[in-house]
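Below, each chain spelled out in residue letters.
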Amino acid sequence: AFFWLVSLLLASLIWFVSVHLSDREDAKLQHGLLIFGAAVSVLLQEVFRFAYFKLLKKADEGLATISEDGRSPISLRQMAYVSGLSFGIISGVFSVINILADSIGPGIVGIHGDSPYYFITSAFLTMALVLLHTFWGVIFFDACEKRRYWCLGLVVGSHLLTSGLTFLNPWYEASLVPIFLITLCTGLWAFFTAGGSFRNILKCLSCK
Amino acid sequence: MITFMNNSDSEEEPCNERTSLMSAESPPVPSYQDGLQASEAGEAQAHRKRRTGSSRSPNNVADGDTSDLGVPVRESALENEEEELTLKYGAKHVIMLFVPVTLCMIVVVATIKSVRFYTEKNGQLIYTPFSEDTPSVGQRLLNSVLNTIIMISVIVVMTVFLVLLYKYRCYKFIHGWLILSSLMLLFLFTYIYLGEVLKTYNVAMDYPTLILVIWNFGAVGMICIHWKGPLQLQQAYLIMISALMALVFIKYLPEWSAWVILGAISVYDLMAVLCPKGPLRMLVETAQERNEPIFPALIYSSAMIWTVGMAKPETAARGPSQQTWDAAEDGRENHRSPSHADCQVSETRSPVPTHPITSFEELEEEERGVKLGLGDFIFYSVLVGKAAATASGDWNTTLACFVAILIGLCLTLLLLAVFKKALPALPISITFGLIFYFSTDNLVRPFMDTLASHQLYI
Numbered sequence: 001a002f003f004w005l006v007s008l009l010l011a012s013l014i015w016f017v018s019v020h021l022s023d024r025e026d027a028k029l030q031h032g033l034l035i036f037g038a039a040v041s042v043l044l045q046e047v048f049r050f051a052y053f054k055l056l057k058k059a060d061e062g063l064a065t066i067s068e069d070g071r072s073p074i075s076l077r078q079m080a081y082v083s084g085l086s087f088g089i090i091s092g093v094f095s096v097i098n099i100l101a102d103s104i105g106p107g108i109v110g111i112h113g114d115s116p117y118y119f120i121t122s123a124f125l126t127m128a129l130v131l132l133h134t135f136w137g138v139i140f141f142d143a144c145e146k147r148r149y150w151c152l153g154l155v156v157g158s159h160l161l162t163s164g165l166t167f168l169n170p171w172y173e174a175s176l177v178p179i180f181l182i183t184l185c186t187g188l189w190a191f192f193t194a195g196g197s198f199r200n201i202l203k204c205l206s207c208k
Numbered sequence: 001m002i003t004f005m006n007n008s009d010s011e012e013e014p015c016n017e018r019t020s021l022m023s024a025e026s027p028p029v030p031s032y033q034d035g036l037q038a039s040e041a042g043e044a045q046a047h048r049k050r051r052t053g054s055s056r057s058p059n060n061v062a063d064g065d066t067s068d069l070g071v072p073v074r075e076s077a078l079e080n081e082e083e084e085l086t087l088k089y090g091a092k093h094v095i096m097l098f099v100p101v102t103l104c105m106i107v108v109v110a111t112i113k114s115v116r117f118y119t120e121k122n123g124q125l126i127y128t129p130f131s132e133d134t135p136s137v138g139q140r141l142l143n144s145v146l147n148t149i150i151m152i153s154v155i156v157v158m159t160v161f162l163v164l165l166y167k168y169r170c171y172k173f174i175h176g177w178l179i180l181s182s183l184m185l186l187f188l189f190t191y192i193y194l195g196e197v198l199k200t201y202n203v204a205m206d207y208p209t210l211i212l213v214i215w216n217f218g219a220v221g222m223i224c225i226h227w228k229g230p231l232q233l234q235q236a237y238l239i240m241i242s243a244l245m246a247l248v249f250i251k252y253l254p255e256w257s258a259w260v261i262l263g264a265i266s267v268y269d270l271m272a273v274l275c276p277k278g279p280l281r282m283l284v285e286t287a288q289e290r291n292e293p294i295f296p297a298l299i300y301s302s303a304m305i306w307t308v309g310m311a312k313p314e315t316a317a318r319g320p321s322q323q324t325w326d327a328a329e330d331g332r333e334n335h336r337s338p339s340h341a342d343c344q345v346s347e348t349r350s351p352v353p354t355h356p357i358t359s360f361e362e363l364e365e366e367e368r369g370v371k372l373g374l375g376d377f378i379f380y381s382v383l384v385g386k387a388a389a390t391a392s393g394d395w396n397t398t399l400a401c402f403v404a405i406l407i408g409l410c411l412t413l414l415l416l417a418v419f420k421k422a423l424p425a426l427p428i429s430i431t432f433g434l435i436f437y438f439s440t441d442n443l444v445r446p447f448m449d450t451l452a453s454h455q456l457y458i
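Protein chains in written order, with the numbering used here: chain A, 1 to 208; chain B, 1 to 458.
No wet-lab data here; the hints were simulated from the structure.
A few of these clues could be false.
Only pairs whose alpha carbons sit at most 25 Å apart, straight line, appear in this in silico DMTMM-like list of lysine to aspartate or glutamate [stated by the list, open to error]:
1. B:K113 / A:E61
2. B:K92 / A:E61
3. B:K92 / A:D60
4. B:K420 / A:D102
Using the sequences and the hints, build the whole thing.
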């Protein structure tokens, strides 16, 4: 979570500087700068995810050397899951908590012509994003571990794609549906990367 | 100081010294055990091993070299076990400290966000006499710096006074002072707090009920903190008084002064604990020399301690040794002394039958807790509370400060596991907290707001 926050900080620094250096009145330019800021933020998040991976790898080695049986008590997969989850949680919380706080207060949604479904779509989007971050974390760490760089590229690409799709809001059909599809696919991919299979599911369901 | 100004009171001065005093962390109990059993080479080996093992703390290199004293090396099995125990318990301690710090912050933030009283400006403490209502920026800055200087000097004077009292064994005076200040906190501040909460939620309460509630709360609190009580209840009370104190600070410190004071106090903490002549360091060292625990009303301990309820077969055997210990200590609190009495008692108890020893050993292991000063709780909560109060109603800033403080605490505990001596808990956390507060408030907030208004997600 800390690493995600630092990446967010740097990204917003870049955006802030660019906004101040540019023309405030030009709406198109501002919109363009926003897109640029969002893209930079996504890239920085992935960079920091990689940095966190490196840090955890070193800690893993350290734990392994001092433990009794030569293996660390936490597997890399668990660390990947936790790291993805924490990225997701902090990202989701940052996106949604102000909206939640405002939703308590008096007000009418969409009175100025925006969509009246703002709150509920925000909720769904946040959920999708949290899940996506978790899945990306698992896939990312596994890809770094096995040095499959095309996997890495795919993760970064899908993150950029998801973020880009949110730019199509409030055209919710075009943004929500693809994002959920991406979530499902990434989820299945992460499941198989983490070593799951149909047999495991069957075993789990029959409680063996 | 008896002059009053809007609820600031003589309470403040003991609490100020309490906060500054308690920015020190006393080392975890392992260091006592280590001192009794082993040579320092064991630790040097541990440091060297840790250096090769994890590259997280580059300080280890210097540490390992300087602590190598050429004393005969211990068996590697014993070292491994010791290291592993330290790291295992280190991780456990981090969690054990996260929970109370988080709870304290949650209480403070919840109160700030709901009860209006604590965000209204109703005057200032006498320790910060300069007002910040001036029109020019330079004047305001100057006033806040002057306020900070006054506050810090008050804290320094109080701390030095306390250390002198401790050195010259004026225990009764110190006890009286602490009892008076916790009395004030538990009764007066709780009364005000309860009054404000009831006002906010428009709930009526008659005076007899109020007196009953506050009397019970205060009396049990005094007993728990200064005498014996279940560990969790004691921890809960310490968290509550830290939260109350933090709320008072948030209310009565003007804005810019608060931030400058936070920065200055972390610098002071660093110096007071690490410099050889620093008052806090002298306090901790004197306490260690005399093998006494530091005052229970000023430190939060996460370890399990002997309580009255834990009457087991051991207590019979422990009885005589504990009594001599207590007599020697001039009537200090019993519930702290056992954690040190254990060290001596374990050596004298080896011929005792197996059953008490095994349960004793297992309890002994649990003794290895970490102690965090209450001042640290207070200042962390002040930072997060101020962020919640003044950051334009933004939750992101509060959350960012919260994460920053916890990470700082993590790092400090890591350093503690490496250095194994009292470390200041404030500097790293407060630095991170301040950086994140200012940057989140000024840089991240417009970014996130613009993104949210277009419903864009990153």
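Against the structure, the hints:
With a CA separation close to 44 Å, the supplied pair B:K113 and A:E61 exceeds the 25 Å bound. In summary, the hint linking B:K92 to A:E61 is supported, as the alpha carbons are separated by about 20 Å, within the 25 Å threshold. Between B:K92 and A:D60 the CA atoms are separated by roughly 17 Å; this keeps the pair inside 25 Å, and the hint holds. A C-alpha spacing of about 47 Å is found between B:K420 and A:D102, which places the hinted pair above 25 Å, so the restraint is violated.
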